[in-house]
Amino acid sequence: MGIRINLNVMMAKRRIGLTELSDKVGISPANLSILKNNKARAIRFSTLDAICRALDCQPGDLLEFVEDEADGS
Amino acid sequence: MKAVKKDRLSIAIEYALTILMLIAFVLTVTLPWSIPAVTHHYPGEKGFWYEKYLVVLIVSGVMAMLILWQARAVLRIVNNGNPFVSEMVRRLRIIGVECLILSVFYFISVFVVTRFFMVAVFVTFSVVGMILFVFARLFEQAIAFKEENDMTI
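The listed protein sequences derive, respectively, from chains A and B. Residues 1 to 73 in this note's numbering are what the first sequence lists, from first letter to last. Residues 1 to 153 in this note's numbering are what the second sequence lists, from first letter to last.
Hints in this document: simulated from the structure, not taken from any laboratory. Please note that the accuracy of each hint is not assured.
[Unchecked claim] Below, a sample of chain B positions facing chain A; criterion: calculated Cβ distance under 7 angstroms:
| id | residue |
| --- | --- |
| 1 | Glu51 |
| 2 | Val55 |
| 3 | Met151 |
| 4 | Thr152 |
[What the hints assert, rightly or not] Quick list of in silico lysine-lysine cross-link-like pairs, DSBU-like style, CA-CA up to 30 angstroms:
| id | chain 1 | residue 1 | chain 2 | residue 2 |
| --- | --- | --- | --- | --- |
| 5 | A | Lys36 | A | Lys24 |
| 6 | A | Lys24 | B | Lys146 |
| 7 | A | Lys13 | A | Lys36 |
| 8 | A | Lys36 | B | Lys146 |
| 9 | A | Lys13 | A | Lys39 |
| 10 | A | Lys24 | A | Lys39 |
| 11 | B | Lys146 | B | Lys6 |
| 12 | A | Lys39 | B | Lys146 |
| 13 | A | Lys24 | A | Lys13 |
C-beta atoms are modelled at their ideal positions from N, C-alpha and C, and glycine is treated no differently.
Work out the full structure: start from the sequences and follow the hints.
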């Protein structure tokens, strides 16, 4: 998929761990891990809102569009 | 993640299906003796009604046991708490195929044992078999929706 989640980059910048972030955001570490590893199919606005608040960032800092290799000719 | 709670009715049905399977087994095994007792047709008599009934009822009994076995497996999946799994779709399709096999057998048998109940069984199992295929397709779609929902964070 063309959308990549840079959650791990933002977490490293803010020096915050998965468990601490999951406590702040209110979603389970397992689901946060799915998000972090780009395994999620979709993200709710409410989740994005909570993560942006917790990490003090913009949605653009978390989401990035990457051209697929198949489409990138 | 559990999608449905265990409920007493489905647990009771699972046990009932086990008992029905045992009853079906006993009835099938005792057919050579029960047919003369109930229908008053005996081996080797004119028209071969004993032999005809024996073949039809043994095939019915075996198919009934196979269907009950699969139905029990379906109930077990439901009682495990998550019915939206590919195993459920597979089991429903197997039951559908078994019902259609039985209906085809009854359709062929109508020409040998021309009785109203043969037509009734043929129609019933054809309809049930086809409905089960529709249910299997519905479950397939439900699994896709559930996976989509589970992977939406």
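Tested hints:
Checking Glu51/B against chain A by beta carbon gives a least distance of about 60 angstroms; that is not within 7 angstroms, so the hint is violated. Hint on Val55/B is violated. Least Cβ distance to chain A is approximately 53 angstroms, over the 7 angstroms limit. For Met151/B, the suggested interface contact is upheld, since its CB lies about 4 angstroms from the closest CB of chain A, less than 7 angstroms. Annotation: interface hint on Thr152/B holds; nearest CB of chain A at approximately 4 angstroms, less than 7 angstroms.
As the CA atoms of Lys36/A and Lys24/A are separated by approximately 16 angstroms, the hinted pair is consistent with the 30 angstroms bound. Using a Cα cut-off of 30 angstroms, the hinted pair Lys24/A and Lys146/B holds, with the two alpha carbons roughly 26 angstroms apart. The suggested pairing of Lys13/A with Lys36/A holds, with an alpha-carbon distance near 14 angstroms, which does not exceed 30 angstroms. A threshold of 30 angstroms between alpha carbons decides the hint, and for Lys36/A with Lys146/B the separation of about 21 angstroms falls inside it, so the pair holds.
Straight-line distance between C-alpha atoms of Lys13/A and Lys39/A comes to about 22 angstroms, which keeps the hinted pair within the 30 angstroms bound. For the given pair, Lys24/A sits about 21 angstroms from Lys39/A by alpha-carbon distance, which is consistent with the 30 angstroms threshold. With a CA separation close to 19 angstroms, the supplied pair Lys146/B and Lys6/B stays within the 30 angstroms bound. In summary, the hint linking Lys39/A to Lys146/B is supported, as the alpha carbons are separated by about 15 angstroms, within the 30 angstroms threshold.
Taking the CA atoms of Lys24/A and Lys13/A, the gap is about 16 angstroms. The hint holds against a cut of 30 angstroms.
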